[in-house]
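Undergrad: Counted the way UniProt numbering counts, the sequence shown spans residues 1 to 146.
No lab work stands behind these hints: they were computed from the structure. Be aware that a few hints might be false.
In silico BS3-like cross-links for lysine-lysine, where the CA-CA straight-line distance does not exceed 25 Å [claimed, not checked]:
#1 K69 x K31
#2 K29 x K15
#3 K15 x K31
#4 K21 x K69
#5 K31 x K21
Here are the simulated distance ranges between beta carbons [said to hold, decoys possible]:
#6 A99 x Q6: 25 to 33 Å
#7 C79 x V7: 18 to 26 Å
#8 S102 x F146: 38 to 46 Å
#9 I12 x H107: 15 to 23 Å
#10 R8 x N53: 30 to 38 Å
#11 T117 x D30: 17 to 25 Å
Idealized CB from N, CA, C, for every residue including glycine.
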Amino acid sequence: MAKQFQVRVFTITLKPGDDLKDSIEELCKDKNLKASFIITCVGSLECATLALNATASSGPPFPSYEKVKSYDEENFEICSLVGTVSPVGSHLHIVLGRADGSVVAGHVVGNLTVQTTAEVVIGESLGEIYSRSYDPTTSYNELQVF
């Protein structure tokens, strides 16, 4: 059965040249957040490096994130950013809109350079601790909640 915990909220506004992922992880570390998650994020980026889910045949037992793609010198609107941040790592996915209306999306690897601004609201679940540990059934470091 799910437990109910209080949530603290932190808001940051990033400036041109800031790295979105690094800034989120830095805030969580500086504030000693143990179980944080992205509530919302809007803004713009000039580049991104994302991992894309490869085909099912690429890695047992599940697909692997072996296809990494860098998008450089583009103008992206942040349409969605979701995920968790723990003291031992983050798991973030992003959807970015292009000027022509198309989108790119994937698992955040890094290189998310803010173009004009990024407004990020981060929540922390009080009473929980997020961690990650290797799960042989999925071949990934999966979220553990304590």
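Undergrad: Please list, smallest to largest, the hint numbers that this structure does not respect.
TA: 1, 6
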